[in-house]
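Novice: Here's the letter readout for the chains.
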Amino acid sequence: MNLLATTSASLAEAGGRLDLWFAGMRGPEGYYGPVVGPRGAAMAYCGPGFDWRYEGLLEGWMSRHRAAPEAAWLDRIEGALAEIGRAQLANGAFRCSYFDSNPFEGGMPYEPILVAALLRARAFLKENGRTPDPALDRLAEQFVEGRLFLELWNKALRTFNNWLQSEYDSCSPAGVAAIVEVLIAYGEATGSRERMEPYIRGAAESLLAAQVKGGALAGAMPVSSRPGAPANALLAARCLPALALLTRCLNDDRFKQAGEAVEGFLRSQALSEGGFAAMAYDNRPAAQAPVFVGAAAGVLTSLARSGRSPDETWAPHVEFILRRQTATGAFDNAAGFGGRAGEAEPDWRDVVPACGWADKIYQLVALLHPKAAGPAVVGEVRRAVRVRGRRAFFEESSRSMRLVEQTGRVWFDWEKGTKWPRTCLL
Amino acid sequence: MSGCDFLTLLEQRRSTRVFQDKPVSQSLIAEVVRAATLMPTACNRQLWQFVAITDPAVRIKACRMSDAQQSYFYDAPVLVAVFYDISLELRNPCSTAQISMGLAIAALLMAAEANGLGAIYLGGIRNPDGLRKALGAPAHLKNFGVVCLGYRDDDPPAPNRRPVSEVLDFNAFTPRPKRFHADIRPHLWSLEQIADFRDKLLWYKGIHIDGKTLHVDSDLRFSAKFQYMTGRLGAMMARYSRPRVLDLLSFNGDVVFQLLNAGGAEAEVVYAYDLTLGIGRFIRERFARLNPPGRFEYLNNADPERVAIPLPDGHVSVLSCYERLEHFEDPRPLLREMHRVLAPGGSALVVVSNRFYLHMNRYRRMRQKNYALGRNWNRGPERKYEPRHLEAAFRAAGFRIVESAGLQPIEGVMAALAEKLLRRIGCHAWADGAADWRAQRYVTRSWTRYFSSSLAYELTRDN
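From first to last, the protein sequence lines stand for chains A and B.
Under the working numbering, the residue at position 402 of the first sequence is numbered 402, and the numbers go up by one with no gaps.
Under the working numbering, the residue at position 104 of the second sequence is numbered 104, and the numbers go up by one with no gaps.
Derived from the structure by calculation, the hints contain no laboratory data.
For each residue, glycine too, the CB sits at the ideal point set by N, CA and C.
Worth double-checking, as some hints may not be accurate.
Claimed, not checked - Here's a subset of chain A near chain B, in silico, CB distances under 10 Å, partners left out:
1. M43
2. A87
3. E105
4. R391
5. V404
6. Q406
7. G417
Claimed, not checked - Derived coverage of chain B by chain A (criterion: at least 3 residues anywhere in the stretch with Cβ under 8 Å from a Cβ of chain A; other residues may be distant):
8. 223 to 235
9. 354 to 368
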């Protein structure tokens, strides 16, 4: 796939350098590091996360293996699946799965996204002559039967709740869409399609019911099915693969039309400089910042997974993303936190990279240019940033991440591969 | 049916909170309601009415209009809304209309059990009048809640029952110490009363034994305070090799569970300590369903008269106490015990509610000398501390204060107000700025910490 002839070399290099950065973020149990997300920041816990960070990695490795079938990629996939298996709790949920609320368990939509990716990877291993560990089947069964059906299924609404103490009269379309992906993949993998059917149908109808029919957010899948809920491009785009699957599985064109409407909404959210607006509202202007770099990649990979091919409309987004790779191989987290878009000294939250965002870029880069190339080592970063209005420096090397104020005050100091930062005043 | 059968039925009955997705026939519902109509009423007026809700659309409407908070309200196949015309008995000193309704509800529950159904009476509805309107009942009928009916899909353990000898007297009342107090001031509460209150509350609250919280409630995982607590404790654990960790008054075990999830494998053991064996049983059964990594042990208070942690001196390296000192008028006995079990050089994290925060409702109630338990129905006795008194108590117990921070400081409240105002006048960009400013300043170490909602102290023991 060659989207932009001029950027293929940079895509190859970006992929190679990002691979090296991910290698540096490895710890004994998985991929470590702090997270700055849309809901908040998990800086005090820097241990492994078993959230959506594995999706982009698994998809990226599968793309790389398709381009150059080497056993090493399959080994990596098997290793990651084993890691995920060790993080499952007895009720089917996963510990440390809440992304920007890590280390808490029960992350939504992060858990179903993780399990859907795991099921796709399991099928991929099988296609390529590997016998998946039977423990994966038990893991998926435990998640579907224990977590989804027993704990999250809402009998009144006939869809899935977000979490145990969730509001019982609404649902979150992005979470429900990820669950649909899990159920369809699980039904196909185990031949239990009939058992899944009523749950899939219920969830599918709730997705259609949640879609905004008119007004400023026409076509959007909002963050919640509650009336007046705002919409976010990434969470809306994440519904596309499920809608495509539902069109095929239920042979129902309503889902195809819903997918086309979501794409229309996504086009309206694209920013001229690349990336997508942070949040769109029905009754007030959209909040454009912060623009998460990984979210832009997530929108594009969701489009690709729903069957869309990369075209020239992707170019500004790809360029927006590639411009933000740093010397360590990581990518900036976002642009525009603290109202500092375009400033020479960005807010610290713009620059602290997170595995759970970088994986989406990895997936995109591997999709657009599956062959990685790059230096054997990556450099270090020292950038002037603002921490709560004060001038500070963000430093990242292969060993650590630090935020140090100009006066010498240390705001954050984390040694890579450890769970807890030495200092965290954030 | 013999008397023995009747007692067996009573012993077997449980409040069912999880129902099978299986309809109940109208004839069976009628049979259950018939039992209610056989019960006595004041002056045999029989002014009750029952509405069985089986249509999902009506149920959702009823749920929304009554502002119900319980999952089983949404999940039960049948809701029987119970009404009584109380207008004739408004002045009756023994509230006979209410008693009549109570008898009918008891019959409904027993008849459900006898017919192989599960049931629970739900009186915790925020807006019973909304339920009445949702069902189109006339205004003279008062709603007394609902009975949820259906085929049982849970098997809850038997809660503890008070022995008859404790509740029955012959010919004259025997004075006994008060079981609970309808007053939040801790000086009224003995340790035994606090223990009993927490024990019963934990089992009542509808937290299923597998950890499923059956009430729609705030999710602890989205609490910035809880996230701060988990992060700080994790960092403390990382200072020691194979630390022993102790969480004080663990209640449902949330803090311990998260510590095990995040760092259980690195700890030698994580202890949960609380005041009753019932709480221990709850935590153990909850953890058995979740199986978090690492080693966990429950410790029960060693002496019913006083706080006594059953651990040797200097046994633990990390200690946590998350909003628990508030239960005690005098925090010093608990602090002395904490100091005793903490190893020299160990670390303790104590989070306490601050008296000097704008708890406006609290001030209003204090001015009215209203200390009723109502608002604290799920917390029990509570005292908010002044920082200087607390810090003096820490020092008196032998602790050194390493650091103190304020959580949810007063400037955050101001920023929230500013955000609200700016939104109202349409300045959304400025409002977003205020929201972002507030989000970044949840924890403060400046002087404003003394005006924060909670104070977090990191303590150590030097010798």
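Novice: Does A/Q406 hold up as a contact with chain B if the rule is Cβ-Cβ below 10 Å?
Specialist: A/Q406 check fails; min Cβ-Cβ to chain B is 18 Å, beyond 10 Å.
Novice: Checking hints one by one. Is A/G417 an interface residue toward chain B, by the C-beta closer than 10 Å rule?
Specialist: violated, 12 Å
Novice: Do three or more residues of the stretch 354 to 368 of chain B come closer than 8 Å to chain A, measuring C-beta to C-beta?
Specialist: violated (count 0)
Novice: Do the numbers back the hint for A/M43, that is, is its least Cβ distance to chain B under 10 Å?
Specialist: holds, 8 Å
Novice: Hint A/V404 vs chain B: min CB-CB distance below 10 Å?
Specialist: This hint is violated: A/V404 lies away from chain B, its Cβ roughly 17 Å from the closest one there, beyond 10 Å.
Novice: Using the nearest Cβ pair, does A/R391 come within less than 10 Å of chain B?
Specialist: violated, 16 Å
Novice: Under the criterion of a CB-CB separation shorter than 10 Å, is A/E105 in contact with chain B as hinted?
Specialist: Where the cut-off is 10 Å and the nearest Cβ of chain B is about 6 Å from A/E105, the hint holds.
Novice: Between the stretch 223 to 235 of chain B and chain A, see if three or more residues pass the 8 Å beta-carbon test, and mark the coverage as holds or violated.
Specialist: holds (count 8)
Novice: So, A/A87 near chain B? Judge it on the closest CB pair being under 10 Å.
Specialist: Check passed: Cβ of A/A87 comes within 9 Å of chain B, closer than 10 Å.
Violated hints, in rising order: 4, 5, 6, 7, 9; the structure is consistent with all others.
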